[in-house]
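S.K.: What follows is each chain in one-letter form.
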Amino acid sequence: MPSDVLPSSDALLSVRDLRIAFDGIEVVRGLSFDVRPREALAIVGESGAGKSLTARALLGMLPRGATTSGAIEPDLSAHRGRRISLVPQDALSALSPVHPVGDQLAAAVRSVARVSGKEARARAVAALDRVGIPDAARKARAYPHEYSGGMRQRAVIAMATINEPDIVVADEPTTALDEERRDQVLRVLAEQRESVGAALVLVTHDMDVVRDHADRVLVMYAGRLTELGRADEVLARPRAPYTAGLLASLPQHAPPGRRLPALRGTPPAPGALPTGCAFTPRCPLAADACRKEEPEPQEVAGRLVACHSWSELPQTATELFYE
Amino acid sequence: MSDALLDVRDLVVRYGDVMAVDRVSFALAPGETLALNGPSGCGKSSTALAVLQLRRPDAGEVLFEGRELTTLNERELRPLRPRMQPVFQDPYGSLSPRHRIRDAVAEPLKVQGRWTAADGPARVAELLDRVGLDPSYGDRLPGELSGGQCQRAGIARALASEPRLLVLDEPVSSLDPSVRAGVLNLLADLQNDLGLGYLFICHDRAVVRHFADRTIELRDGRVISG
Numbered sequence: 000m001p002s003d004v005l006p007s008s009d010a011l012l013s014v015r016d017l018r019i020a021f022d023g024i025e026v027v028r029g030l031s032f033d034v035r036p037r038e039a040l041a042i043v044g045e046s047g048a049g050k051s052l053t054a055r056a057l058l059g060m061l062p063r064g065a066t067t068s069g070a071i072e073p074d075l076s077a078h079r080g081r082r083i084s085l086v087p088q089d090a091l092s093a094l095s096p097v098h099p100v101g102d103q104l105a106a107a108v109r110s111v112a113r114v115s116g117k118e119a120r121a122r123a124v125a126a127l128d129r130v131g132i133p134d135a136a137r138k139a140r141a142y143p144h145e146y147s148g149g150m151r152q153r154a155v156i157a158m159a160t161i162n163e164p165d166i167v168v169a170d171e172p173t174t175a176l177d178e179e180r181r182d183q184v185l186r187v188l189a190e191q192r193e194s195v196g197a198a199l200v201l202v203t204h205d206m207d208v209v210r211d212h213a214d215r216v217l218v219m220y221a222g223r224l225t226e227l228g229r230a231d232e233v234l235a236r237p238r239a240p241y242t243a244g245l246l247a248s249l250p251q252h253a254p255p256g257r258r259l260p261a262l263r264g265t266p267p268a269p270g271a272l273p274t275g276c277a278f279t280p281r282c283p284l285a286a287d288a289c290r291k292e293e294p295e296p297q298e299v300a301g302r303l304v305a306c307h308s309w310s311e312l313p314q315t316a317t318e319l320f321y322e
Numbered sequence: 000m001s002d003a004l005l006d007v008r009d010l011v012v013r014y015g016d017v018m019a020v021d022r023v024s025f026a027l028a029p030g031e032t033l034a035l036n037g038p039s040g041c042g043k044s045s046t047a048l049a050v051l052q053l054r055r056p057d058a059g060e061v062l063f064e065g066r067e068l069t070t071l072n073e074r075e076l077r078p079l080r081p082r083m084q085p086v087f088q089d090p091y092g093s094l095s096p097r098h099r100i101r102d103a104v105a106e107p108l109k110v111q112g113r114w115t116a117a118d119g120p121a122r123v124a125e126l127l128d129r130v131g132l133d134p135s136y137g138d139r140l141p142g143e144l145s146g147g148q149c150q151r152a153g154i155a156r157a158l159a160s161e162p163r164l165l166v167l168d169e170p171v172s173s174l175d176p177s178v179r180a181g182v183l184n185l186l187a188d189l190q191n192d193l194g195l196g197y198l199f200i201c202h203d204r205a206v207v208r209h210f211a212d213r214t215i216e217l218r219d220g221r222v223i224s225g
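Chains C and D are the protein sequences, given in the same order.
According to numbering that gives the first Met the number 0, the first sequence is numbered sequentially starting from 0.
According to numbering that gives the first Met the number 0, the second sequence is numbered sequentially starting from 0.
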């Protein structure tokens with residue numbers, strides 16, 4: 000049986016020992032993972048864990064001042080818009096306010112393919128139609144402000160998939176939407192990427208989204224891999240205390256009663272990391288070894304787990320996380 | 000319901016031809032959490048603004064501690080406003096980016112004439128401690144706090160007015176799940192200790208199920224259940 004986590008020969012994209020720093024302070028600290036053809040890989044973690052930066056690194060869209068080391072193979076950043084594309088969080092700022100939506104999609108087509116303006120516009124209308132924009136031919140001539148929030152997000156998905164990329168990176172694509180629209184947008188995203196055969200790298204902090212829309216999940220903490228494995232298995236039984244704490248704090252998993260289990264404290268600031276495992280100050284299982292040495296990812300139960308104390312984690316870990 | 004903290008009857012809010020809130024009625028007792036749930040555009044936030052009289056309703060009654068607010072003018076409302084305080088979704092947007100947390104929390108005390116040089120600062124420190132922030136955070140600007148810390152500061156500012164009702168408009172929707180749990184726990188503790196009534200606006204059904212005593216479902220401005 001092929002491993003679910005270890006480097007596989009059929010990887011679409013391999014990230015090895017990725018480090019991203021600002022002013023000499025590392026924010027992503029030695030991250031390795033693969034993206035496989037057609038899979039949906041979710042990256043989760045708290046704000047500041049480095050998940051968006053990691054996604055941006057795949058696209059070659061890191062903010063100014065970032066220095067990187069390690070390898071991303073192949074480097075698709077020169078093929079952005081064709082082999083790799085982005086669905087950003089804020090669809091409104093992703094679209095130009097002064098051009099009709101259809102023209103923007105047509106421009107995306109013509110940026111990679113030598114086709115006539117007429118053909119590009121026809122493809123734009125077809126793409127809008129595929130993502131469920133009603134009366135697409137007319138709506139293609141409308142401006143972004145004439146679209147509702149959910150429609151705009153679908154137009155951005157149409158733009159991200161119109162050139163049939165290998166990888167779509169979606170950075171918190173549904174954070175601004177309510178549950179109904181969230182599911183609708185993610186369904187459209189799944190349909191579109193499946194029809195063009197693209198893999199999805201989905202940055203999210205929403206565990207419901209992971210459960211419903213990801214094949215595998217990469218859990219990050221303080222710029223490192225904490226756990227990586229099949230989404231259903233990780234959600235059903237987390238092996239890293241940090242993952243367990245994240246899941247325990249969800250109200251849908253909480254036992255009745257007014258107080259929720261919660262991760263105490265906040266993630267450490269980059270540049271002010273504790274020695275050893277960065278999660279130690281918040282970890283109910285922290286032991287001496289954890290304070291000495293940062294754990295490397297190791298294979299545990301068909302997944303990767305970076306934790307010295309993983310074997311101490313009980314099957315039901317919720318009670319460990321009451322404040 | 001005469002002992003209600005808040006009694007809303009046939010509330011109507013119109014924007015032009017759009018009925019944002021269409022004859023919505025509910026009542027809330029002290030110490031109770033009533034959730035307003037529904038998708039974007041269902042009228043949750045319009046209801047909240049109309050309850051707070053930040054957007055005057057077009058029809059209906061809002062009885063707060065037994066007093067009808069819709070017929071009061073601004074001057075008559077002013078002494079009542081401290082008793083009903085909002086907490087908004089965007090913690091950074093609810094605090095001035097250029098005022099230190101200490102000053103943001105002190106401001107209601109000063110405006111309401113409850114600030115003295117002798118015990119004002121101690122009261123601010125006590126409020127920060129009450130929401131789980133080390134009083135040293137008072138020296139910081141909102142931009143120097145995490146989202147969860149900033150939301151706690153916003154709650155401290157609301158508590159400074161000694162409210163009976165908090166209108167919580169998506170107070171945890173922009174927070175990470177782990178941080179969200181801590182803020183929800185804080186709100187539960189404050190309600191237990193102070194007997195506050197919560198009008199809790201939230202589109203996340205799992206959070207609502209866990210946190211609210213009762214839920215009203217809104218759709219297109221109307222109550223569809225609850």
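Since the hints were derived computationally from the structure, they do not count as laboratory data.
These numbers come from a predicted model, not from an experiment.
Any given hint could turn out to be false.
Unchecked claim - Just a few of them, taken from the derived set where beta-carbon distance is under 10 Å, the chain D residues facing chain C:
1. C41
2. Y91
3. S172
4. P176
5. G181
6. D203
7. T214
Said to hold, decoys possible - Residues of chain C clear of chain D, computed beta-carbon distances all greater than 12 Å:
8. R37
9. E45
10. P73
11. A136
12. D177
13. E179
14. E232
15. A261
16. K291
Where a beta carbon is used, it is the ideal one built from N, C-alpha and C, also for glycine.
S.K.: Taking the earlier hints as the rules, which of them does this structure contradict?
M.R.: 2, 7, 9, 12, 13, 15
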